[in-house]
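For this one, chain A is given, so just place chain B on it according to the hints.
Number of protein chains: 2
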Amino acid sequence: MLAIKRVGLLVSERGYATASTFRAADTIVKKTERGNPKPDPNKLVFGATYSDHMLTIKHTNKAGWGKPVIEPLTDLKIHPGAKVLHYATELFEGMKAYRGDDGKIRLFRPDLNMKRMLSTAERSVLPTFDGNELLECIKKLVQVDAEWVPRSKSSTLYIRPTLIGTEPTLGVAAPSESLLFVVTGPVGPYFPTGFKPVSLLADTFHCRAFPGGMGAFKAGSNYGPTIYVNKLAQEQGCQQVLWLYGEKRYITEVGTMNVFMCIKNKKGGVELVTPPLNGLILPGVTRQSIIDLGRTWKDITVSERDITIDELLEAQQDNRLLEMFGAGTAAIVCPVERIVYEGKSYDLATMDKGAPITSRFHDEIVDIQFGRKPSKWTVDVA
Amino acid sequence: MLAIKRVGLLVSERGYATASTFRAADTIVKKTERGNPKPDPNKLVFGATYSDHMLTIKHTNKAGWGKPVIEPLTDLKIHPGAKVLHYATELFEGMKAYRGDDGKIRLFRPDLNMKRMLSTAERSVLPTFDGNELLECIKKLVQVDAEWVPRSKSSTLYIRPTLIGTEPTLGVAAPSESLLFVVTGPVGPYFPTGFKPVSLLADTFHCRAFPGGMGAFKAGSNYGPTIYVNKLAQEQGCQQVLWLYGEKRYITEVGTMNVFMCIKNKKGGVELVTPPLNGLILPGVTRQSIIDLGRTWKDITVSERDITIDELLEAQQDNRLLEMFGAGTAAIVCPVERIVYEGKSYDLATMDKGAPITSRFHDEIVDIQFGRKPSKWTVDVA
Numbered sequence: 033m034l035a036i037k038r039v040g041l042l043v044s045e046r047g048y049a050t051a052s053t054f055r056a057a058d059t060i061v062k063k064t065e066r067g068n069p070k071p072d073p074n075k076l077v078f079g080a081t082y083s084d085h086m087l088t089i090k091h092t093n094k095a096g097w098g099k100p101v102i103e104p105l106t107d108l109k110i111h112p113g114a115k116v117l118h119y120a121t122e123l124f125e126g127m128k129a130y131r132g133d134d135g136k137i138r139l140f141r142p143d144l145n146m147k148r149m150l151s152t153a154e155r156s157v158l159p160t161f162d163g164n165e166l167l168e169c170i171k172k173l174v175q176v177d178a179e180w181v182p183r184s185k186s187s188t189l190y191i192r193p194t195l196i197g198t199e200p201t202l203g204v205a206a207p208s209e210s211l212l213f214v215v216t217g218p219v220g221p222y223f224p225t226g227f228k229p230v231s232l233l234a235d236t237f238h239c240r241a242f243p244g245g246m247g248a249f250k251a252g253s254n255y256g257p258t259i260y261v262n263k264l265a266q267e268q269g270c271q272q273v274l275w276l277y278g279e280k281r282y283i284t285e286v287g288t289m290n291v292f293m294c295i296k297n298k299k300g301g302v303e304l305v306t307p308p309l310n311g312l313i314l315p316g317v318t319r320q321s322i323i324d325l326g327r328t329w330k331d332i333t334v335s336e337r338d339i340t341i342d343e344l345l346e347a348q349q350d351n352r353l354l355e356m357f358g359a360g361t362a363a364i365v366c367p368v369e370r371i372v373y374e375g376k377s378y379d380l381a382t383m384d385k386g387a388p389i390t391s392r393f394h395d396e397i398v399d400i401q402f403g404r405k406p407s408k409w410t411v412d413v414a
Numbered sequence: 033m034l035a036i037k038r039v040g041l042l043v044s045e046r047g048y049a050t051a052s053t054f055r056a057a058d059t060i061v062k063k064t065e066r067g068n069p070k071p072d073p074n075k076l077v078f079g080a081t082y083s084d085h086m087l088t089i090k091h092t093n094k095a096g097w098g099k100p101v102i103e104p105l106t107d108l109k110i111h112p113g114a115k116v117l118h119y120a121t122e123l124f125e126g127m128k129a130y131r132g133d134d135g136k137i138r139l140f141r142p143d144l145n146m147k148r149m150l151s152t153a154e155r156s157v158l159p160t161f162d163g164n165e166l167l168e169c170i171k172k173l174v175q176v177d178a179e180w181v182p183r184s185k186s187s188t189l190y191i192r193p194t195l196i197g198t199e200p201t202l203g204v205a206a207p208s209e210s211l212l213f214v215v216t217g218p219v220g221p222y223f224p225t226g227f228k229p230v231s232l233l234a235d236t237f238h239c240r241a242f243p244g245g246m247g248a249f250k251a252g253s254n255y256g257p258t259i260y261v262n263k264l265a266q267e268q269g270c271q272q273v274l275w276l277y278g279e280k281r282y283i284t285e286v287g288t289m290n291v292f293m294c295i296k297n298k299k300g301g302v303e304l305v306t307p308p309l310n311g312l313i314l315p316g317v318t319r320q321s322i323i324d325l326g327r328t329w330k331d332i333t334v335s336e337r338d339i340t341i342d343e344l345l346e347a348q349q350d351n352r353l354l355e356m357f358g359a360g361t362a363a364i365v366c367p368v369e370r371i372v373y374e375g376k377s378y379d380l381a382t383m384d385k386g387a388p389i390t391s392r393f394h395d396e397i398v399d400i401q402f403g404r405k406p407s408k409w410t411v412d413v414a
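Keeping their order, the protein sequence lines are chains A and B. Under the numbering used here, the first residue of the first sequence is numbered 33, with each subsequent residue one higher. Under the numbering used here, the first residue of the second sequence is numbered 33, with each subsequent residue one higher.
One thing to keep in mind: the hints can contain errors.
Treat identical chains as interchangeable: a pair holds within one or across any two.
Using 30 Å as the maximum straight-line C-alpha spacing, the simulated BS3-like pairs for lysine-lysine come out as follows [what the hints assert, rightly or not]: (1) K296 <-> K385; (2) K94 <-> K263; (3) K147 <-> K99; (4) K94 <-> K109; (5) K136 <-> K99; (6) K75 <-> K90; (7) K62 <-> K109.
Please keep in mind that the hints were generated in silico from the structure rather than gathered at the bench.
Isolated chain A (complex conformation):
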């Protein structure tokens, strides 16, 4: 086990009500007179199309939180000295609204996003708030732009809550002025024509997260530094990075996703392994859902435990690595078919039989998200 000490108790672990918060009931709604045309749902590029409205909520240390405002999407006016542009005083969340066959719009486990957002805010010394209130504001925003939630069995409305430090002074310090905003936009299915497995570069130099760092938080500072490494992966014919940590080369994440490996153990059972929440791993909503679902299945054992690249490749050599996949809100699951490590290429068996375990997780989660299977994990929006 990686010996990584815990940081002190964060607000999210104490429950997420805080002394100072905005209230969804105070929301001011200014609707646009004419919205933008909706794009062809079959031609959507992730994160490139935005709905007509956004939610903004200002915070100052002096006045606390202002009233939530839902207004037409527009450029933000940001002072060039704002801390967010210099010191990455910024965090975000990623979630989706799903329109079911019954026409209803639902969110999927949004309480987990609110909890993580507050945990990241506290670690980033950005202002905290009542997560239930933000969730109600987000519901209102989705209601205002309900026509932007695709009528589709697979397209969805992506929701991006963001919190930035806007105080226009250059000291490296907690901002006295901040802005919480939420934008949304329709996104197509990650795999429109069935799974398209990815290949990974297991990078032995670069590192996504480290003990005492930000790996467990959804902060902007975790993402910018990865772009260069992903470029190196692409130069080696891979799509994404398999992130390793430390001298023992523990497997941590895949690209911007959590990672799962289905390994036949030496007794013949199937173990689904994912790295534990040791401070290096983002507590993904899809990750947690796969763990929770997997624990109800009788044919696999779910383990949150450390696993090194050596153990993975040993299982691969012994034909015991059945499937490997990334997991995240965008793709739900993303099968892995190849790993490049220390100049060698390893072809994995993931797709040999059509990735049955990966597929089953995908289908069970999608059925819940689109309301085809009733679940306590969904929250009705409209």
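For chain B alone, coordinates are given in the frame of chain A:
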């Protein structure tokens, strides 16, 4: 020696001309009709006051770099989906303009800032440019706002070049649209009434930088995560964090500064120790200048080498730790008088004799910056 491998050759090491660049000769200057009143130079807070003008240069992958524009300082219009607000696709530099007793305005080793900015841009997959051209643009900006360069023996004009990714799409990828901007503002002396030494919390959990990360680059992602840790230091009665790395607890940096320790060695000589540029350390301009100056002194030896907290505290116990100080553009040098480590407080000897080595570095550097001592390190602006 910390065994940290090097990342591939960055543009800064190949010389900083690139195929695509803007040209200072193309700069469009739009002066304000009436400037803001200049503040009292004795009441300046770092980074809170801005000069009248800013420099902006747009980049798109399609059109390349646009023309540099010097215009009145104004808010930037940034799409809420711009990558800089989500993924910390941002970097900056910190430099100063100094008005000498002769009235001339000078920059101090700006070539090192340009080199580091290009190195960080390449690591951040932000667009590169010809550093000489940006330097000429910065000179023009300082000339336009020359009245903002304090007439003072100690106040200066702080210069903040910044490069952000503005493409309004949510994919984690290199931005196809970026903005380079430079703002400036007058800053007072860091120590208006003589050195005010600081106390440090040697944090054993949090980490500023790690192998395979961004520690050697001036990227926003290195700074946001430190704000929380500095808050912890303040809660323990310290002003700043002494950043340690790894199980052996190597000393790396102090707050947002490089660190130097003057140690009497067992043979009686004085060694000035600073950690080497091993990938965890920002290549500071003041750091380099102290090393360069120190190597011309006959009474000390300068070592760029690893040093652990244990070695430091052993020297402290033996009364061989003469002085310790941080080094950076803002403070030049910042004496350290106390370290809190594992619940114990250690009073250092730094100020016992008035910090003679620290003071000598301070004075030699200031004399060069203000043109009192001729040097190849200064570049005339006007």
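Evaluated hints:
1. K296 <-> K385: Within one copy only: 15 Å inside a chain, 68 Å across chains, cut-off 30 Å.
2. K94 <-> K263: This pair counts as between: shortest inter-copy Cα distance 19 Å, intra-copy 43 Å.
3. K147 <-> K99: within (21 Å within a copy, 45 Å between copies)
4. K94 <-> K109: both (20 Å within a copy, 25 Å between copies)
5. K136 <-> K99: within (28 Å within a copy, 51 Å between copies)
6. K75 <-> K90: between (34 Å within a copy, 29 Å between copies)
7. K62 <-> K109: Both ways: K62 and K109 sit 18 Å apart in one copy and 20 Å across, limit 30 Å.
When each numbered hint is compared with the structure, no violation occurs for any of them.
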